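There are 2 protein chains.
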Amino acid sequence: MKDMKNNKNNPIEVLRLHLASEMHSVDCLINTYMKSETAPIISKLADHLINAGGKRLRPLLTLAAANLCNYNGTSHVKLAAAIEFIHTATLLHDDVVDESLQRRGKPTANLLWDNQSSILVGDYLFSKSFQLMVEAGSLKVLSVLADASATISEGEILQLSAAKNINTDEETYFKIIDGKTAALFAAATKVGAIISNMDETHVDALTNFGKALGISFQLTDDLLDYTGFEESLGKNIGDDYREGKITLPLIKAINKSSGDEIIFWEKTVGKGVQEPSDLKQALFLMKKYGALNDTRHEAIIWATKAADHLEIFPECEIKTILKELTSFVVERIN
Amino acid sequence: MKDMKNNKNNPIEVLRLHLASEMHSVDCLINTYMKSETAPIISKLADHLINAGGKRLRPLLTLAAANLCNYNGTSHVKLAAAIEFIHTATLLHDDVVDESLQRRGKPTANLLWDNQSSILVGDYLFSKSFQLMVEAGSLKVLSVLADASATISEGEILQLSAAKNINTDEETYFKIIDGKTAALFAAATKVGAIISNMDETHVDALTNFGKALGISFQLTDDLLDYTGFEESLGKNIGDDYREGKITLPLIKAINKSSGDEIIFWEKTVGKGVQEPSDLKQALFLMKKYGALNDTRHEAIIWATKAADHLEIFPECEIKTILKELTSFVVERIN
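Just so you know, the sequences run in chain order A and P.
With the first letter of the first sequence counted as 1, position 152 gets the number 1298 in the numbering used here; the numbers rise by one all the way through.
With the first letter of the second sequence counted as 1, position 159 gets the number 1305 in the numbering used here; the numbers rise by one all the way through.
No lab work stands behind these hints, which were simulated from the structure alone.
Only a predicted model underlies this, so the values are computations on that prediction, with no experimental measurement involved.
No false leads were mixed into what you were given.
You can't tell identical chains apart in this list, so a pair holds if it fits in one copy or across any two.
25 Å max Cα-Cα, derived DSS-like pairs, lysine-lysine:
no.: 1; residue 1: 1321; residue 2: 1181
no.: 2; residue 1: 1434; residue 2: 1402
no.: 3; residue 1: 1391; residue 2: 1321
no.: 4; residue 1: 1310; residue 2: 1190
With the rest of the complex left out, here is chain A (with noise of 0.2 Å):
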């Protein structure tokens, strides 16, 4: 598998060196947006999450999706911003949520701060998501962030009430992820092609290579939660499993386990209750039962179909990126 961060050679870093110019004004709308002269703590927090060396998949994936469609305006810039913003204000509520202590190898905002700093902040960030789009100035591009952003908060309370459940099928958990990542995955490349005028067939095409990167995406991260290296993820071995959160390998696994072991998932996942051991069974399990694989190959099936999507676009350099994107999305480590 191959780092996200550090290989030169990845499609991101082949992405982001493409769109430099663009992205380095992404990155000055994103620095001004983010300061707020009445309550200085929101830049001092936003600014430690936002630039934290996240990878800015999102904005990145709205300028090249323009790119492809050879959109010739500012607006996309407007909206990859817009974009990041809604992302960093889902980032920080859910680590409330989830009372996490680490991402991308730092302490969270909720952690340095505190809980309220993070809920407010978030709340502040959406608002100049908010402003962003409507600087963009097209209904239809608010139209289809204003969905996406109810469907990331549906996939978020699903996702709460499927923790620690143990009875939850796949369709629960594609349900989920389509809301806290696919959605958000889809909408920063078809906003792309709206306000390049595309036809409704580009238009179809580009939201379903961004859905279906999505998916993959959280596949291959979900999986890297068991399977991963902590140096390289920036985070724990097995935060899933401890905090109860249902993902496929998870699913696969209990789905395919009988007798006692199903008593040992109810115990350790259903009741929360486990010994710092239980990790080393789960993944045991999940081995036996080749959860793991299974999951690695639904990532490959979801990367492939993103790929395919683009196969309507003429040939350029950007869509040979993109479509390396793909692979690579499945093959990183971090």
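Starting from the known structure of chain A, arrange chain P on it as the hints suggest.
Positioned in the frame of chain A, the structure of chain P alone reads:
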């Protein structure tokens, strides 16, 4: 002082009767938009708060402003519902931030469910308000509401930073209430004027009316926290004092205190070390220095300003009710 809910002669009730058919449409829209097929818990939690006997003053203000401007479209209903959703989302997050146990005489959602659900359902309602605004179809209105949302968050964050700081000055207090209350009141009336295509003078007049009414409303709220009756308020007296929330009655009393009195404030508010009997001493000092009367006087000044801003509108029934509302807001007991 007048009971806000039970007195059928109160201007809010008169307004509600006057705008009954449109308000019914707002209620229907609210009930439709707060449903989620993906995550049923949303409807339950939102219903708890939305249908728990709130005054719905903000959506009424949007309808009233539109009515005053002879608006004859349907967007005002969508915007009124959107504004109530923003308000409800803010309340849900506030109750988590303040760790409140009671609102409107009932247990808060964060107590009945959990903080996580309150955060995420707040996000969901904010997204739904965003969808409703987009449906109303005016970029100018979207811009007003995006700006208001950012100002609200800034006010809340400033309030959090000022908590327990007994050196907070009146200027900071007014910035806080401008954000947490006046911004949404002002936006509620402003959008009613904008969708009615009023000229700048009339848009400004209705904006300033909303803003002044909001300030007067919040000043009265902060006063009632020390002078109200628990049964009619639906919450405990002295909550702000116990939480170290710095409001005008406290600032005015602290400003005139000296010697042991300052030590008392520093201990009970600054350090948050309180005996149950300290509230009595706090009230004694507030009365000694006229802080409660001065706050009430300030509330009346802002109510008068609000009424004055309506003067440029021709006499009509809705104008009369809105003027009565400005007096009522400072005379209410809950």
